[in-house]
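Participant: Residues per chain, in single letters:
2 protein chains.
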Amino acid sequence: MNLKQHFEVMLPEIEKELQRQVVRLDAASLRPFHEMLTYHMGWTGEGAGREATGKRIRPVTVLLATASAGGDWKPALPAAAAVELIHNFSLVHDDVQDNSPKRRGRPTVWSKWGVPMAINVGDALFVIAYQATMDLSKSYPAESVVRAATILHEACLNLTRGQYLDMAYEKRHDLSLEDYWQMVGGKTSALLSACIEIGALLGSAGETEQEAYRQFGYHLGLAFQVQDDILGIWGDEAVTGKSTASDLVEGKNSLPVLYGLGRQGQFSERWKRGPITAAEVREVANLLEREGAKTYAGEIAERETQTALEFLGKANPRGAAGESMLELANMLLKRNQ
Amino acid sequence: MNLKQHFEVMLPEIEKELQRQVVRLDAASLRPFHEMLTYHMGWTGEGAGREATGKRIRPVTVLLATASAGGDWKPALPAAAAVELIHNFSLVHDDVQDNSPKRRGRPTVWSKWGVPMAINVGDALFVIAYQATMDLSKSYPAESVVRAATILHEACLNLTRGQYLDMAYEKRHDLSLEDYWQMVGGKTSALLSACIEIGALLGSAGETEQEAYRQFGYHLGLAFQVQDDILGIWGDEAVTGKSTASDLVEGKNSLPVLYGLGRQGQFSERWKRGPITAAEVREVANLLEREGAKTYAGEIAERETQTALEFLGKANPRGAAGESMLELANMLLKRNQ
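As they're listed, the protein sequences go chains W and R.
The first sequence begins at 1 in this note's numbering and counts up one residue at a time.
The second sequence begins at 1 in this note's numbering and counts up one residue at a time.
By construction, these hints were calculated from the structure, which means they are not laboratory data.
Careful: at least some of the hints might be erroneous.
Unchecked claim - Computed spacing ranges between beta-carbons, pair by pair: (1) Glu207/R / Gly114/W: 41 to 51 Å; (2) Lys55/W / Glu289/R: 52 to 62 Å; (3) Lys102/R / Ala28/W: 31 to 41 Å.
Stated by the list, open to error - When the alpha-carbon atoms are kept at most 27 Å apart in a straight line, the in silico DSSO-like pairs for lysine-lysine are as follows: (4) Lys252/W / Lys272/W; (5) Lys112/W / Lys171/R; (6) Lys112/W / Lys252/R; (7) Lys171/W / Lys112/R; (8) Lys252/W / Lys112/R; (9) Lys252/R / Lys55/R.
Claimed, not checked - Computed from the model, here is a short list of chain R residues facing chain W with C-beta under 7 Å: (10) Leu30; (11) Met134; (12) Arg161; (13) Leu231.
Ideal Cβ positions, reconstructed from N, Cα and C, are used throughout, including at glycine.
Isolated chain W (complex conformation) (with noise of 0.2 Å):
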């Protein structure tokens, strides 16, 4: 089995998961709340389907760590459904700290409900998800559920000093790389290396193992982030000018613009002049390459995706679900496109 056929296999049953536990909010005064959850999920509402719903990359993670430890991954589903909450309930609150009226080319939670809602609908998808870990001990021993919760919070916990950082980043041009990497690896790698050593944990993985699965998760999130950093502002829709979706445009406090803020050249001069426009785009881009912040962050990259595939050798992945991992990471850092 590869990992397209992993995908397969296992996405419609982490969605029935999911809707098992979003259901929890059922009676009939509490629809309209409901209904709030569901759009979120990309089940309901205008759009409704599987472009709304997202890669569900997480939840397939948790699955494929916990069967290349050589555990059985049905069990595991409930934590599956539990980090592809968190992502969620981080999203809808998120959209709504960055004041972003779409999501996945819908409207969002606050912009079709106002903020109040939205902030209860994150809150709610919040407590699901721990709800859904709790109902791990149907199946495992609960000092393996105390574990998987604990694992979880402190990537939750995590999540929310990355998010404190990014917001607090924002109108810095002073920032170091160390401050880059401590954002970073709250607001994406926390969540990914939890998943991976919440998998591992369920498929009975030795603690030495348990350990090297959390380190590939968490240097796979590194050079996933780094990547992004690079298509945000080198990539297709990035460079083409009119894009407002250029990193550069947005003024995001990205790797390649801290390499080029640090060089204190022609990039750094203009960068802290104001808004680079959509119409600069195409100049800066080049500018920034020029002075070697793409060579930069590509060898980044390259170290981060090498040091996450040697502990994913040391976790000793196995059969089929340790290909397929294997095969999910270099889809993520897009080395085989």
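Following the hints, complete the assembly by docking chain R onto the known chain W.
Facilitator: Here is chain R on its own, set in the frame of chain W:
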């Protein structure tokens, strides 16, 4: 040891445990974030101190329930911290949702640091609450920890339901008493009920007793809310005619108001015409009283109080802690004033 003495012994321990939990956020770059949390908890910033922390009634109920069920209350401290953190998470988000500039006489988190930061502060308190819950595993079997977390999650989901209903009902004049009980059951009773049930669980109460403790907490919460509704209209501050503290001015869907609306008399007519001004407060309060709302609400508060105390009797509370629990119930219900 009476209730006052229990408070004196327990409060410093609760505060110590809370601070131990919240200190998890302590890296240098995260210090301002940590500051937001400790500010809200009442420990730092302008006006810090006992007035700013709130009464910490919920954690005390956890510990009293543990002790009155026959257990040692000290190992239950992480649970006490957890419920207080949950309460505070909900306050931070509530203040954003209600657009409240002040809380316990101090500027709210959102009014000091903005809405995006406040959402994140609430999220962090929420996570730390669950981390505290998992810390119970130092002293209790994992099965009890999972059970305590499950009770807490259910209460939190009910909080979000109550919050949804509260927001959804804001502009409606056609609410039934059933709507009211559902909202109050979520907003006020769910957490108090969970406090007392978790306390009983950790004190090793039998299943029947645990259920009685839970019901005691639930009805105590309802009685407390109805009492609060009465004071919000006919309490000293509410009827001065100058205070905007009156629930009538705020347009709150309290029990007396719903009763008055159901009567479809003069009060109902006036209420539906638009906001009550501070100048009208005394007159409208008198009108509502003449239509029987105060008597009705008083009877309901009495009924719920009796039900609560019956369940407390069935819970078979022991020793000085049991006495203090009864004293606390009476204090909350202002029956001794």
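Participant: Measure nothing beyond the straight line between the CA atoms of Lys112/W and Lys171/R; if it is 27 Å or shorter, mark the hint as holding.
Facilitator: Judged against 27 Å, a Cα distance of about 18 Å means the pair holds.
Participant: Min Cβ distance, Leu30/R to chain W: is it shorter than 7 Å?
Facilitator: holds (6 Å)
Participant: Given the hint of 31 to 41 Å, is the C-beta distance from Lys102/R to Ala28/W inside that range or not?
Facilitator: holds (36 Å)
Participant: Is the straight-line distance between the alpha-carbon of Lys171/W and that of Lys112/R 27 Å or less?
Facilitator: Answer holds: Lys171/W to Lys112/R is near 18 Å, not above 27 Å.
Participant: Hint check: is the beta carbon of Met134/R less than 7 Å from a beta carbon of chain W?
Facilitator: holds (5 Å)
Participant: Can the hint on Arg161/R be confirmed by a CB-to-CB distance to chain W that is less than 7 Å?
Facilitator: Result: holds, 6 Å to nearest chain W Cβ.
Participant: Do the alpha carbons of Lys252/R and Lys55/R lie within 27 Å of each other, as the hint requires?
Facilitator: Since the Cα atoms of Lys252/R and Lys55/R sit roughly 24 Å apart, the hinted pair holds (cutoff 27 Å).
Participant: Using the C-beta atoms of Glu207/R and Gly114/W, is the stated range 41 to 51 Å upheld?
Facilitator: About 43 Å separates the Cβ atoms of Glu207/R and Gly114/W, which means 41 to 51 Å holds.
Participant: Looking only at beta-carbon atoms, does the pair Lys55/W, Glu289/R fall within the given range of 52 to 62 Å?
Facilitator: holds (60 Å)
Participant: When you check the alpha-carbon spacing of Lys252/W and Lys272/W, does it fall within 27 Å?
Facilitator: Holds, at roughly 13 Å.
Participant: Hey, does the Leu231/R contact hint survive, CB to chain W under 7 Å?
Facilitator: Leu231/R check fails; min Cβ-Cβ to chain W is 26 Å, beyond 7 Å.
Participant: Assess, step by step, whether the Cα of Lys112/W is no farther than 27 Å from the Cα of Lys252/R, and give holds or violated.
Facilitator: Distance ~25 Å between Lys112/W and Lys252/R Cα, so the pair holds.
In summary, the structure is inconsistent with hint 13 from the numbered list given earlier, while agreeing with all the others.
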